[in-house]
Structures are given as structure tokens and as C-alpha cells.
Amino acid sequence: MIKLSKRLQMVADNVMSGGVVADIGCDHGFTSIYLMENKMAEHVIAMDISKGPLERAKEHIMQYGLEESISLRLSDGAKELMSGEAETLLISGMGGNLICRILEESEPVTRTAKELVLSPQSEVYQVRRLLHKLGFCIAAEDMVLDQGKYYVVIRGVPGEELYQEEIEYLYGRKLIEGKSRIFQSFLRKEAGRVEKVLAGMEQKKLSQDSQRKQQELVQERNWILEVLNRISSDSGSAR
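The letter at position 222 of the sequence shown is residue 314 when you use this note's numbering, and the numbering goes up by one with no holes.
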């Protein structure tokens, strides 16, 4: 049986449709293999924009004897996927901007999916906003620490949802409500980073651009402290 990294394990654990999974940007194909080995998908379409990753994925798929269960497809994002062809769209290991572009460029395909399992490495707030814009609720969101880096995994399902506060888009309503120790560790690390930069700006004559950056950092610090305060106000439920 294949063993996944902590990040990919959390990604795989969020696949719940039981149907066809489109693994977009499949890279080495390990997530696709895991899903089929553990009977978490009916079939997997492993997709990548480059031939190199698909060749590596093919080697691994053959090694595990899953050629009949996992098909390979050269594709820029989800462009080679038909509407309704996959119940789950799985995208991980990309920046949030790229994930948003993939989902928007193939909007008919996106809207027919039963779930979206996404793990953006940056601009997570943009992904949250786009999910709501495309008619998806954020059913689950969690954070994992893997080899010194923090990763977010989001599961979206069809439904109407809007967050009322900017802070919920920036840091994730589900993460704030979940109060996980990993999320709190991430927030404290971010607070330390911001404080360090602000301290370096003190006693310096700042340009207009630097002054704007300073104001943005002060706002970011205030947001982080607000989230930490919300979490600590009900610390009994932290896990």
C-alpha cells in the first residue's frame, strides 16, 4: 500500500464522493493511486499540463497494477475534462491564483462537480471567495504541518454561502471555528513575522510606498490578533 505525505493524506481524506475523481496536476500520481487502492474512487483521471509528470505517473500506476483504474490525460487544467465527467475535482500543490484560473476557465466542468478538494499553497482567500462565487459552500477546511510548512485543504460542495466578515475570507471561517493547535501555531508564526518586519521599519524615514506597506502590516497584525482572541475566548474546544 502506498503511503502519502501528511499534506496529501489530508487531501485524499477529503475525497468523499465515491465517484470519478479528476486529479488535476497529478504530478507523480501517488494521490490517484492511494484513492484507488483504498476504494475511495470509482475511477481516477490523472491529468497534467506536462508530459514529464504524466510519464512518471504512468510508471507508478503500472507498478501498482492500476492501469485499468487510472487513466492519464494531457491537459491544461481541466480543459480536457467534459462537464459531468468527474464527481470530484482535486487540485493541490498549486498557488491559489492558478487554482482559481483553472476553475474559472472550465466553469461548466467545475459547476457540475459534486465536490472540489483544493489545497492552495498561496492566496487561499481568493480560493474561498471564488468557491462562493461559483456556487459552492466550504464544507470543511483544515490545516496540516508537513515538513515545516503549513498547508490548507478545503472541501467545497454545491450550495449558497457567503461570509459576512473579511477576516473569515482571509483566515477561513472553518479554521477559526475549528481552533486546531496547528492553525494557532500558524497564526503565532505569522504574527511574529509581521512584528519583525514592523520593528525593522521603526526609526526609519519611510517612503510613501513603505508607509502604505507599514499600514497594511499593522492591519494584518490586528487581524491575526483578532483571530487568536476569538480562538482563545473558547479555548476549551481546541484540539
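Please keep in mind that the hints were generated in silico from the structure rather than gathered at the bench. Heads up, a few of these hints could be off.
Straight-line C-alpha distance at most 25 Å; calculated DSS-like pairs for lysine-lysine [to be verified]:
hint, residue 1, residue 2
1, Lys95, Lys131
2, Lys271, Lys305
3, Lys171, Lys150
4, Lys296, Lys266
5, Lys98, Lys281
6, Lys271, Lys281
7, Lys131, Lys150
8, Lys98, Lys271
9, Lys171, Lys95
10, Lys241, Lys266
11, Lys131, Lys98
12, Lys305, Lys288
13, Lys206, Lys131
14, Lys296, Lys271
15, Lys288, Lys206
16, Lys171, Lys225
17, Lys98, Lys266
18, Lys225, Lys266
19, Lys95, Lys241
20, Lys241, Lys206
Each pair of labels, with its calculated beta carbon distance range [what the hints assert, rightly or not]:
hint, residue 1, residue 2, range
21, Arg322, Pro250, 22 to 30 Å
22, Lys206, Gln295, 54 to 62 Å
23, Ser299, Ser142, 18 to 26 Å
24, Glu257, Gly227, 18 to 26 Å
25, Glu196, Leu290, 46 to 54 Å
26, Arg285, Gly110, 35 to 43 Å
27, Met93, Glu257, 41 to 49 Å
28, Leu298, Lys150, 51 to 59 Å
Note that CB positions come from ideal geometry on N, CA and C, so glycine has one too.
Tested hints:
no.: 1; hint: Lys95 / Lys131; verdict: holds (15 Å)
no.: 2; hint: Lys271 / Lys305; verdict: violated (29 Å)
no.: 3; hint: Lys171 / Lys150; verdict: holds (20 Å)
no.: 4; hint: Lys296 / Lys266; verdict: violated (39 Å)
no.: 5; hint: Lys98 / Lys281; verdict: holds (20 Å)
no.: 6; hint: Lys271 / Lys281; verdict: holds (15 Å)
no.: 7; hint: Lys131 / Lys150; verdict: holds (19 Å)
no.: 8; hint: Lys98 / Lys271; verdict: holds (19 Å)
no.: 9; hint: Lys171 / Lys95; verdict: violated (30 Å)
no.: 10; hint: Lys241 / Lys266; verdict: holds (20 Å)
no.: 11; hint: Lys131 / Lys98; verdict: holds (19 Å)
no.: 12; hint: Lys305 / Lys288; verdict: holds (14 Å)
no.: 13; hint: Lys206 / Lys131; verdict: holds (18 Å)
no.: 14; hint: Lys296 / Lys271; verdict: violated (37 Å)
no.: 15; hint: Lys288 / Lys206; verdict: violated (43 Å)
no.: 16; hint: Lys171 / Lys225; verdict: holds (20 Å)
no.: 17; hint: Lys98 / Lys266; verdict: holds (19 Å)
no.: 18; hint: Lys225 / Lys266; verdict: holds (18 Å)
no.: 19; hint: Lys95 / Lys241; verdict: holds (19 Å)
no.: 20; hint: Lys241 / Lys206; verdict: violated (29 Å)
no.: 21; hint: Arg322 / Pro250: 22 to 30 Å; verdict: holds (28 Å)
no.: 22; hint: Lys206 / Gln295: 54 to 62 Å; verdict: holds (56 Å)
no.: 23; hint: Ser299 / Ser142: 18 to 26 Å; verdict: violated (41 Å)
no.: 24; hint: Glu257 / Gly227: 18 to 26 Å; verdict: holds (21 Å)
no.: 25; hint: Glu196 / Leu290: 46 to 54 Å; verdict: violated (35 Å)
no.: 26; hint: Arg285 / Gly110: 35 to 43 Å; verdict: holds (41 Å)
no.: 27; hint: Met93 / Glu257: 41 to 49 Å; verdict: holds (43 Å)
no.: 28; hint: Leu298 / Lys150: 51 to 59 Å; verdict: holds (54 Å)
Checked against the numbered hints listed earlier, the structure breaks hints 2, 4, 9, 14, 15, 20, 23, 25; every other hint is satisfied.
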